[in-house]
Amino acid sequence: MDKILDKIWRFFSSVKLAVVLILVIIATAIIGTVIQQNLPDEMYLQHYGASTFRLLNFFDLFDMYHSWWFELLLILFIMNVIVCTWERLPAIFKMLSKPKLQIPVEKLNAFKEKETISYKGTKEALMTMLSSKFREIYKEPIHAKSEDGDFLYLEKGRIARFGPYITHLSLVIIFIGVLIGSFFGFDAYVNLDQGDATNIVKTIRGSKDLTLPFTIRCNNFKIEFYDSGVPKAYKSDLTLLNGGDAVAHKIIDVNQPLTYKGITIYQASYGQAGASSFDIMLSRSDNKNKDDVSLNLNQQFRVKDNTSIAVLDYSANYQGFGPTILVGIYKDNKLQRTSIYLQKYPDFHGAEAIGGYKLRFVKANESFYTGLQVAKDPGAPYVATGAIILIIGLIMSFFSYRRRLWVLIPDKFNGTFTIAGVADRNKYSFEMEFEKIIHEIKKGEK
Amino acid sequence: MDMMAHQTNTLLLSIATFVYVGAMFLYLFGLVFKKKFLDAGGFAIFILAFLIETAGLIARWIESYHLNYGHIPITNLYESLIFLSWTVAIMYIIVDLKYKARKLGFPVSLLAFMFMAYASFSPNVSSRIEPLVPALKSNWLTFHVVTSFFGYSAFALAFGASVFYLISDWYTTHTNGKVLSYLPSTKVLDDLSYKLIIVGEVLLAIGIITGAAWADYAWGRYWSWDPKETWSLITFLIYIVYIHLRYSWGWHGKSAAIFSIIGFMFVLFTYLGVNLVLSGLHSYGST
Ligand code: HEM
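These protein sequence lines are chains U and R, in that order. Residue 442 is where the first sequence ends in my numbering, and the numbering goes up by one at each step. Residue 494 is where the second sequence ends in my numbering, and the numbering goes up by one at each step.
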């Protein structure tokens, strides 16, 4: 039993596994961007045909980021991070708390960055010179002795060694946040007409009804457009009610949600609700008789005798000309012809007279419903914390690196001493740094 | 007045495009004729192009206020291409001042020119200043785009350094170890591309996180696996693989250079490919 556990442990402690897992996650994640996710089944059937559809569906490829096998991959990955980090942690602490102040000569000589320097003074004078020189140009050296002689030890960039552990820890925190969110959170939506109220929302994944601990009432919904017809802003005036009492009120905007009891209500979308009405001005050609009317869609209005009109269709931006209506002209209740009227260009269509009246499209009174997203994610603060720690960890790992220097002054001092050094990373930068140090030390000798 | 300003920004940006070409040729001659003054000239022209481009971007920003839209010019494909060439340029200038990587000027001015030319001449890219839909009106968006693009440009420079690495390496092995004196040494290039990749990773990580924060504010969901999000995560992970291969297995030199070149293909796909290739399938992928 222990053997099996040991094997599993070793399997998860390998960086090779990490590389393989990350590559597999990448490969599968790509599939999910090529096959569009979470569409209605009919659309897939139409696109792929029945047999391909069955195959892809079998592997959950239409909702693959939530499939059991993708989630399994993520779990394996996070176990890999945990085991890998845990396994190396004691060694790191030992390494950092008990630095190797002196190392065997053979090892010292094997370093790539190594320089033997001659010195024409006594050993004591050399020690003093080196100590003060290092203090000046690098940092305070630590003095140690071994059978080979006196060592000076210098270490920099120790913080970089913690970086990867902080980074990996942050991944675990993010993962925990994601788990909390998926177990205790939800993601739902509701559409509300002005004046309506509800406490039932529909979940986005799975389309299940959820009952909220409060009622949302939409007092008012406003939408503004740019001249081009693109929406500029939309705002819902919301009140939250609990047993008839108003417990919260806010005018929410895209990017300005309302949060109450951990549940956040976002302005997500809007849609056209019911029939819109249209303001129309009718005037006689001699401009004497003016008439302002407001018509609903398809509502007939008698202009004169047996002639009547009705708004048959509406476009907020017809071929770039802005708001436009399609008007049907009736004689004896029979549709004779249709004509379009542009709000911004009243004279565009020759402004033909209908039964002696000029028609002008003044404006459309659109009524919209508000699309609200209602979400609860108690894991989000963990994810956010993890994200910040991730950045800190990356910066710690990357913008410094640990390097160590040893100076060996042999016991039988014969006028030469050796400086050698090694860096965990950034070998090239260290090479330059080492050259500079040697240069400084040689200068100090004179 | 508005028309004037509008012409000013596109005019300045077109001029900058051609000045980048000038810089590119000087750098190229510098490589061919191995003369230092050509490189210095290339750098001077490059700075000029960069300044004109900066003026163009500022003019465009001001113009958007004249139109009452008032937004930083990084919100449609045209603006983002221009902005990307601008971040690549600024990244190169910083790297050159810090690490003396002047020779990278050739691939960098080529990239800057290509992004700008694509923006200016492609019939698919409109240079009109457009209003922002409500969801895009957020400081998170600005921060998100700026950090991501600086990340992309760090990867672009790493790509340039890695291409040079391979060329330099090829010459070294095919000319009996005689290094081309006018190319930076392979050691310098290897180190430089690694440093640029870690800078890119930090910036991309910040970019992804601010993007998630923005999504959370706007839609109440920090992550929804949409193709753009997914591909930026994929790109981040590709370079994480690079970092681990380098750190744990000592990958460097040629294999690292090839990896970095492949990595940049992922960057390009994340930036352009997702919108151009996948947009046929994803109406929501084309922001
Ligand atoms: C998205 C996922 C990951 C991120 C962001 C990440 C990040 C990092 C970073 C920044 C470093 C420091 C590298 C350097 O200093 O050059 C590092 C090192 C390392 N990583 Fe990861 N890593 C990830 C996944 C993993 C996984 C799954 C493993 C599991 C085996 C792993 C194992 C290691 C090891 C062993 C080191 C060397 C640590 C040392 O001894 O200093 N990493 N990682």
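Worth flagging that the hints you see were computed from the coordinates, not collected in a lab. Virtual Cβ for every residue (Gly too), placed ideally from N, Cα, C. Some hints could be false.
[Unchecked claim] Here's a subset of chain U near chain R, in silico, CB distances under 8 Å, partners left out:
| # | residue |
| --- | --- |
| 1 | VAL15 |
| 2 | ILE27 |
| 3 | GLY28 |
| 4 | LEU57 |
| 5 | TYR61 |
| 6 | GLU111 |
| 7 | TYR256 |
| 8 | GLY258 |
| 9 | LYS286 |
| 10 | PRO377 |
| 11 | THR381 |
| 12 | VAL418 |
| 13 | TYR424 |
[To be verified] Which bits of chain R does chain U cover? Going by a derived footprint, with three or more residues having C-beta under 8 Å, they are:
| # | region |
| --- | --- |
| 14 | 227 to 235 |
| 15 | 242 to 250 |
| 16 | 311 to 325 |
| 17 | 403 to 416 |
| 18 | 436 to 448 |
Inset, instruction - Enumerate the violated hints, using their earlier numbering and listing them in ascending order. - result: Numbers 2, 4, 6, 7, 8, 9, 10, 11, 12, 14, 15, 16, in rising order.
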